[in-house]
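Participant: Could you fit the two chains together into a complex? Lean on the hints.
For reference, the chains in residue letters:
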Amino acid sequence: MKPISRAKRIAAVLAIAAAAVATVLIVLTAARPSDRALAAHDADPARGKLLYDVGGCISCHKASAGAGVTGPPTGEAAFVTPVATFYPGNLTPDRETGLGSWTAEQFVDAMTRGVSPDGRHYFPAFPYPSYGNMRDEDLLDLWAYLQSLEPVKSPGRAPDMPMPGLARRAVGLWKRIALDETKFRPDPERSEVWNRGAYLVNAPGHCGECHTPRNALMIPDQSRAFAGGPHPRGDKGEVPSLLDLEGRKRYTDVSDLTFALQYGETFGYDKLSSGGMADIQMNLAKLPEDDLRAISEYLLSLE
Amino acid sequence: MTRLKQCTLAVIAVAIVVTISSAATTGTEAIKQRRKAMDGVKNGIMTLAAIAKKEQPFDAEVVHASAGQIAANLEHAGGLFPEGSDQGEAQTWAKPEIWTDRAHFDELMENTRQAAVDMQAVTEAEAFPPALGKIGSGCKSCHDLYRLPKN
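For the record, the sequence lines run as chains A and B.
Start counting the first sequence at 29; every next residue gets the next number (this note's numbering).
Start counting the second sequence at 1448; every next residue gets the next number (this note's numbering).
The following block holds chain B by itself, in its conformation from the complex (with noise of 0.2 Å):
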């Protein structure tokens, strides 16, 4: 084998490893910022579940607050998905289907993200539960067809 062979052998391994490697991190590192942004759609949530549920009062600057903080989650969500992204090294219930059915996961994710911008909008209480509904409705759809169930 010539030296030029065993060097050019040498690079194509090394861009293997390197590309393998850096494919696993990105899978692994896109889990880890979306599962993040998730919890923050969730802690908006939870704030305005609690005013649904009477627990705290209608407040139009706590909703404006919580219903931007869920909007802007979701924003960047819609981008942690990347191809590849379906496994790596922390765990995820992401369906494979959202790589196959692209178009209708984003459209999915973004009439949540409107839902949730529409919410901002709400300073009257009789507007509040069924705006609340849209953006639960929202949630639903996606992770009925996209999230594999977990116990």
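Next up, chain A with everything else stripped away, as it sits in the complex (with noise of 0.2 Å):
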């Protein structure tokens, strides 16, 4: 038999090494559903409206970039990044096109995991690792909210970027590193008022998503929390920052600032209109008052 070259067996080996280091990506990257049960809620569509309006969901699942906050979350308007166009998808629930034929442990995996029903990672243009600190609770009123829409039929649009798989991959990646899997912990020393002002601008309220800078690999930089930074769609402009607002003379107290997030530039508040936050304002807009106040409490406090 004749001797295997030199050349041919560093091939094998190379090919061995590639093959393993394929299988292992394959396997760190891949979506898996999760297995976790669910306790048993009874649902309330009306406080679900309001996590629809603290998330501000309308604001990327509209008909078209023109239309209000006030329309079914359809979700054809193109969602513009530097890296992407996505276009968000239809949350009405469609059999075919929306959120008809999902599960409730479906729609939590999407929101928490950010994870797709048939086992895809979703892009973090959609900000589960911000709804991730959602209460189980919470999220199955917000589902029963959801469910209780009017069925739209909208196919919605593959994103506009170069290999969207590989992409996915990648995102599942990034998940590994930058999916920190504990959830909001109300802090004991403050107010409940505090905490749930705490819990709505970190969790469904998703504020650090923009207002917290990213790092180098996208990831938001906890130490700097909310401290603004480049807008992430790419805009020019800057987000404001989010800390010491009493101190830098944005706002004067708790009811300036509610009064911000209640009636933004009807009451002159100009600030709160550029760079996507008018659709937001206008989502908080109609939130319960005690709400709004416990968010402006919250924000108050962040130095």
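No lab work stands behind these hints: they were computed from the structure.
Cβ atoms here follow ideal geometry from the backbone N, Cα and C, with glycine treated the same way.
Do not rely on the hints blindly, as some may be mistaken.
Claimed, not checked - Calculated cross-link-like contacts (lysine-lysine; reagent style DSS-like; alpha-carbon spacing at most 27 Å): (1) B:Lys1501 / A:Lys277; (2) A:Lys77 / A:Lys314; (3) A:Lys277 / A:Lys264; (4) B:Lys1479 / B:Lys1489; (5) B:Lys1597 / B:Lys1489; (6) B:Lys1501 / A:Lys299; (7) A:Lys314 / B:Lys1597; (8) B:Lys1489 / B:Lys1581; (9) B:Lys1581 / A:Lys77; (10) B:Lys1483 / A:Lys299.
Claimed, not checked - Heads up, incomplete: computed chain B residues facing chain A, CB under 8 Å, no partners named: (11) Leu1555; (12) Gly1583; (13) Cys1586; (14) Lys1587.
Unchecked claim - Residues from chain A that keep clear of chain B, each with C-beta distances beyond 12 Å, as calculated: (15) Thr51; (16) Ala74; (17) Val180; (18) Asp188; (19) Val199; (20) Gln250; (21) His259; (22) Val267; (23) Met305; (24) Leu330.
Facilitator: Set out below in structure tokens:
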């Protein structure tokens, strides 16, 4: 038998190594549905509507860029970022094109882990790293609200980007580093109102997705939480810092900031309407005043 | 090089320098003036906001004057976004889309001015909040699309 040449042996070793690396990567980047069971909960669609407004779901899932914040969340409007253009998708309960055939478990999995029912990673333009902080009962209330909407047919579109399949795998890797599985925990040292505000801001409100700067791996830098920075959509101009809002004379007190969130430009708070804040403020305007005061109290405590 | 050629080149060079520098001043001047006009709008809004917050009583005369100040400043501001004034030596938050979607920008500006004109006719306290809401959504509609966020 002819001895195997050195070159062939190296080639074989490299092939085996490559296959091993590929296997590890495929395993590491796979999107697996969770098998976590949800506790029984008597879901309340009205409470779900409140969370829908805090999250501002409609801001991204609207029918067109010019559509207001009251229409059905059919999700055709493009969400433009420097890396890709996303079409957020239909949240109405249409069975073929929306969430009509989903289970509550699949919805919770999508919201908290960014995994779709067909086992793919969602791109984190969908802010599941924040929604992961939401309590199960809140997610189920939100689910009940979405299921109560009129179903609308809207097939949705794949994102405009090169090699989306590979990019989804890369997201799988990113999630391993970026996703923090610990949920929001109230601070027992603080008041109930403050904790309510903290929860609304950090979980459904997902304010940090824009107001917290990201590092080179596009992971929010929690050591600079809410410090503002470049606009994640690649817009010029800066996302404002939410730190020391009183000291920097942006708002005088809780009532002032509450007015700002409630009325925005109408009351002369003209900073609440650039870079996408206009829609957010209009969504927040639908909240009960107590919740807006809780949000304000929490935000004004950030230093 | 003939004398004529030299002269021609010199004239062209001077013309270029003059054009560039005047373009720069136009931009800077327009930015300064429109920021002043927008400050005028803001002052009017703040007076109306104080009434809305019930810090001040409803006074039809004050409302009329403030709404007039808003309308006049918006009319003035509309003409202060000439081509090429997307930048200058003064800071501006104007987005380049103003000059690519000009008709829409002008339409939003005009709608907001009209909302301020409508507010001038408000004499009853009940009609005041919705009229103010219309001015507010006017400001918002334009700022949302055509103004950069600032810290």
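Participant: All hints, please: hold or fail.
Facilitator: Evaluated hints:
1. With a C-alpha separation of about 22 Å, the suggested pairing of Lys1501 of chain B with Lys277 of chain A holds against the 27 Å cut-off.
2. Proximity of Lys77 of chain A to Lys314 of chain A is assessed by CA-CA distance (about 10 Å); at most 27 Å being required, the pair is judged to hold.
3. Of the pairs offered as hints, the one joining Lys277 of chain A and Lys264 of chain A holds, with about 24 Å between alpha carbons and a cut-off of 27 Å not exceeded.
4. Under the criterion of a C-alpha separation no larger than 27 Å, the hint pairing Lys1479 of chain B with Lys1489 of chain B is consistent with the structure, at around 15 Å.
5. Taking the CA atoms of Lys1597 of chain B and Lys1489 of chain B, the gap is near 16 Å; set against the 27 Å cutoff, the hint holds.
6. With a C-alpha separation of about 22 Å, the suggested pairing of Lys1501 of chain B with Lys299 of chain A holds against the 27 Å cut-off.
7. Distance hint between Lys314 of chain A and Lys1597 of chain B is fulfilled; the C-alpha atoms sit about 25 Å from each other, no more than 27 Å.
8. A distance of roughly 15 Å separates the Cα atoms of Lys1489 of chain B and Lys1581 of chain B; the hinted pair therefore holds under the 27 Å criterion.
9. The straight-line distance between the Cα atoms of Lys1581 of chain B and Lys77 of chain A is roughly 25 Å, inside the 27 Å bound, and the hint therefore holds.
10. Distance restraint check for Lys1483 of chain B and Lys299 of chain A: the Cα-Cα separation of roughly 17 Å lies within the 27 Å cut-off, and the hinted pair is therefore satisfied.
11. With a cut of 8 Å, the hint placing Leu1555 of chain B at the interface with chain A is violated, because the nearest CB-to-CB distance is about 11 Å.
12. The beta carbon of Gly1583 of chain B comes within 3 Å of a beta carbon in chain A, closer than 8 Å, and the hint placing it at the interface holds.
13. Interface hint at Cys1586 of chain B: satisfied, since its Cβ lies 4 Å from the closest Cβ of chain A, which is below the 8 Å cut-off.
14. Hint status for Lys1587 of chain B relative to chain A: holds, with the closest Cβ pair at about 4 Å, below 8 Å.
15. Annotated as non-interface, Thr51 of chain A keeps its C-beta farther than 12 Å from every C-beta of chain B; the closest such distance is 45 Å.
16. Every CB of chain B is more than 12 Å from the CB of Ala74 of chain A (nearest about 25 Å), matching its label as outside the interface.
17. Under the 12 Å C-beta cut-off, the non-interface status given to Val180 of chain A relative to chain B holds; the minimum distance is some 25 Å.
18. The Cβ of Asp188 of chain A lies farther than 12 Å from every Cβ of chain B, with a closest approach of about 20 Å, so its non-interface assignment holds.
19. Listed as a non-interface residue, Val199 of chain A keeps its Cβ farther than 12 Å from every Cβ of chain B; the least gap is roughly 27 Å.
20. In this structure Gln250 of chain A is separated from chain B by more than 12 Å, as the shortest Cβ-Cβ distance comes to about 20 Å.
21. Listed as a non-interface residue, His259 of chain A fails to keep its Cβ farther than 12 Å from every Cβ of chain B; the least gap is roughly 7 Å.
22. Remark: the non-interface label on Val267 of chain A conflicts with the geometry, its nearest Cβ contact in chain B lying 6 Å away (cut-off 12 Å).
23. Under the 12 Å C-beta cut-off, the non-interface status given to Met305 of chain A relative to chain B is violated; the minimum distance is some 7 Å.
24. With a cut of 12 Å on Cβ distances, Leu330 of chain A stays outside the contact zone with chain B, its closest approach being about 15 Å.
This entry does not satisfy hints 11, 21, 22 and 23, going by the numbered hints stated previously.
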